[in-house]
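> Sequence:
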Amino acid sequence: MATISKLLLLALYLSSAQAAFAAHRLDARDGAVIESVIAARESTRIRIEGSRIVDVVGNIYANTCQSATSGATALQGASPQNTGVGTSAGEFILSCDLAKGEIYVKPVARQKKPINLFVSSPRATYTLVLRIADVPADTLVLVDKSQPREPAADARLAAASERIRTLKILMAGMATGRIPSDARIEEPNQTQNLRVGSALTLQNVVRWSGWTGERYLLTNISSSEIDLAEQEFDRDGDQIAAIALENHRLAPGASTQVYVIRRGD
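Here the sequence shown stands for residues -22 to -1, 1 to 243, where the numbers follow mature numbering (1 follows the signal peptide of the UniProt record, and there is no 0).
Everything labelled a hint here was simulated from the structure, so no lab data went into it.
Take the hints with a grain of salt, since some may be wrong.
Ranges between beta-carbon positions, derived for each pair [unchecked claim]:
no.	residue 1	residue 2	range
1	Gln209	Pro166	22 to 30 Å
2	Arg213	Ser233	16 to 24 Å
3	Ser200	Ala67	52 to 60 Å
4	His226	Val113	48 to 56 Å
5	Lys146	Arg213	39 to 47 Å
6	Arg213	Gly188	17 to 25 Å
7	Val107	Asn171	50 to 58 Å
8	Gln209	Gly188	23 to 31 Å
9	Arg173	Ala10	45 to 53 Å
10	Ala232	Asp8	39 to 47 Å
11	Gln209	Gly231	21 to 29 Å
12	Leu172	Lys146	23 to 31 Å
Please read these numbers as outputs of a predicted model, since none were measured by experiment.
Virtual Cβ for every residue (Gly too), placed ideally from N, Cα, C.
Generate coordinates for the entire structure from the input sequences, incorporating the hints supplied.
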C-alpha cells in the first residue's frame, strides 16, 4: 500500500491543462535582462509573481489574446488586429489569460535563434531572452522582490494555500479512515464502468468543506497486466481537483484504491 505522503504528492494532479506546467522561478528587476530556455514545440507559460502582465512587445507572429477571454481588453503591446495573422518577421505565437494576467509563448516552427521580448507589469518592464530547446512545457515565474505585491495577488495566494490544505486533509482522511468529525459519509458500494477487464466499485463518499471525496476499489479481472493513469478518472464537467492511485500497475486479480476529490458537496 502506498504511504500517505505518496498519496498527497499524487493528489497534486489537477485536471486542468495548467497542471501540466512545472514552475521555474527567475529573479527579475526592472530593466534587467532575464535569460531562460523555452520549449521548441510547446507553449511556455509566463507570469509575474504578485502581479500581472499588462503589455508584451516583441516580434509576434500571431496573437490570440483578444479571444482568450470574451469581452476582455487585449494586452497593450499584443495588438488585437494581428490576431491569427502571420508575418515574415514573427518569431512566436502569443496567447494569454487576461483574467490572470499571464501569457503563453510558442516559437514558430522555423525559429532557431533566441526570442527577445519585453514583458510589463503595471510597475516595471522586464527584458526576456528566451533560448529555444527540445524541452518539455514549462512555466516561467518572474520574481521581482523590489516590487510590492498586489493585494489581489496576495488574496489569490491565500486562497490557493487554503485549497491545498483542505485537499490534503480530505485525501489523508480517506486514505487513513480519519475523516474530519464534521464530514458527511456515505457508503454506496456502487459498481461503475471504467474499462473492459476491470471492476470498479465506489465504496465511500465523503462530503466536507465544500468538497466531495470518493474512494474506489479497482480490480483487474482480466488475464493480463493493466496500467492505470489518473487521467482515466478525470470526468468532464465534474470540477475534479485531485486524483490519486495507490498502484498504477495491476497484475491479474490485483486491486488498488483510487481517490478522487471534486468541488461541491
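> Take the hints in turn and mark each one as holding or not.
Each hint tested on the structure:
1. For Gln209 and Pro166, the hinted distance range of 22 to 30 Å is satisfied, since their beta carbons lie about 24 Å from each other.
2. Between Arg213 and Ser233 the beta carbons are some 21 Å apart, a value that agrees with the proposed interval 16 to 24 Å.
3. Here the CB-CB span from Ser200 to Ala67 is close to 56 Å, well matched to the stated 52 to 60 Å.
4. Taking the beta carbon of each, His226 and Val113 are about 25 Å apart, not inside 48 to 56 Å as hinted.
5. Checked against the hint of 39 to 47 Å, the C-beta distance between Lys146 and Arg213 comes to roughly 22 Å, which is inconsistent with it.
6. Arg213 and Gly188 have their C-beta atoms about 18 Å apart, which keeps the hinted 17 to 25 Å range intact.
7. Distance hint for Val107 and Asn171: a CB-CB separation of about 51 Å, consistent with the stated range 50 to 58 Å.
8. Restraint check, Gln209 to Gly188: a C-beta distance of roughly 24 Å satisfies the suggested window 23 to 31 Å.
9. Between Arg173 and Ala10 the Cβ separation comes to about 52 Å, which falls inside the hinted range of 45 to 53 Å.
10. Between Ala232 and Asp8 the Cβ separation comes to about 57 Å, which falls outside the hinted range of 39 to 47 Å.
11. Restraint check, Gln209 to Gly231: a C-beta distance of roughly 24 Å satisfies the suggested window 21 to 29 Å.
12. Taking 23 to 31 Å as the suggested C-beta distance range, the pair Leu172 and Lys146 conforms, at roughly 26 Å.
Violated hints, in rising order: 4, 5, 10; the structure is consistent with all others.
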